[in-house]
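Chemist: Here the sequence shown stands for residues 0 to 228, numbered as in numbering that gives the first Met the number 0.
FYI, nobody ran anything at the bench for these hints, they're computed from the structure.
Cβ atoms here follow ideal geometry from the backbone N, Cα and C, with glycine treated the same way.
A portion of the hints provided could be inaccurate.
[Stated by the list, open to error] Here are the in silico distance ranges between beta carbons for each label pair:
#1 W27 / I80: 35 to 43 Å
#2 G125 / K145: 43 to 51 Å
#3 T70 / L210: 18 to 26 Å
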Amino acid sequence: MKKLLIICCFPFLQYSGYAQEATSISDWDNTMYASNKFNYRKDQRKNSFEFQTRYNNDFSELEQWHLEAATSFFVSKKWEIVPDFRFTRKPTRTEYRPGIGVVYKNLFSKSQLVHQVKYQYDIKNGISNSHGMRYAAFYNYLFSEKIILTALAGGLFEIGPDWSGFLGFRGGLSGAYIFNDVHSMNIGYFYGAVNQKTNDYNNIGIFNIQLIINLNKEYKYTPAKYFSF
Numbered sequence: 000m001k002k003l004l005i006i007c008c009f010p011f012l013q014y015s016g017y018a019q020e021a022t023s024i025s026d027w028d029n030t031m032y033a034s035n036k037f038n039y040r041k042d043q044r045k046n047s048f049e050f051q052t053r054y055n056n057d058f059s060e061l062e063q064w065h066l067e068a069a070t071s072f073f074v075s076k077k078w079e080i081v082p083d084f085r086f087t088r089k090p091t092r093t094e095y096r097p098g099i100g101v102v103y104k105n106l107f108s109k110s111q112l113v114h115q116v117k118y119q120y121d122i123k124n125g126i127s128n129s130h131g132m133r134y135a136a137f138y139n140y141l142f143s144e145k146i147i148l149t150a151l152a153g154g155l156f157e158i159g160p161d162w163s164g165f166l167g168f169r170g171g172l173s174g175a176y177i178f179n180d181v182h183s184m185n186i187g188y189f190y191g192a193v194n195q196k197t198n199d200y201n202n203i204g205i206f207n208i209q210l211i212i213n214l215n216k217e218y219k220y221t222p223a224k225y226f227s228f
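Could you put together the complete structure from these sequences and hints?
Modeler: Structure (structure tokens):
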């Protein structure tokens, strides 16, 4: 249990250290992520396709929309390898983000602890490209046959020609309601701190809603449940 608490609190400790060095923290902004995700599972592989929109300035302004495709390869009962690709459209530019992640699952009778380590390469038209490394932990608890509760925390580091450092942190709670074998919905609220690359941080509250459609449920191992930020 002590090891579990250390793992889940590590991103908080990282953020705390950087926040003490920051010159200021800005006012709160409420944002929203709304998405629709399709899953297709077969034996030792899961393919997913997601369309997501993001709104900031207290939900009043479209910040971006993106399309993301990912494939999870179930290497074993506890390990997954997940390459993905994201296309993002913002008001001033388009971005492309290939990435690859490794997922490790601690499986229990009614819960799972998911560790995600991911590398991504951000191709940003008009500004310098950058590399990213992230770690996130997700604890999923099967509250009933219809409800799954999730607690998460994670941080992202960026490495680029113009700036390198701790880019941000997110953490919060989410609940998933399973309507049937095909449809389920995630609703959650997360706190985020985003480095403006000037030692200033923006505080954001993220309301997340996601509709998931499972085209089938044929797979050999239990898949990890986590969010792609």
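Chemist: Evaluate each hint against the coordinates.
Modeler: Comparing the hints with the structure gives:
1. W27 / I80: 35 to 43 Å: Roughly 37 Å apart at Cβ, these two residues keep to the hinted range, so it holds.
2. G125 / K145: 43 to 51 Å: holds (46 Å)
3. T70 / L210: 18 to 26 Å: Taking Cβ atoms as reference, T70 and L210 lie about 21 Å apart, which means the hint holds.
In the structure shown, no violation is registered for any of the earlier numbered hints.
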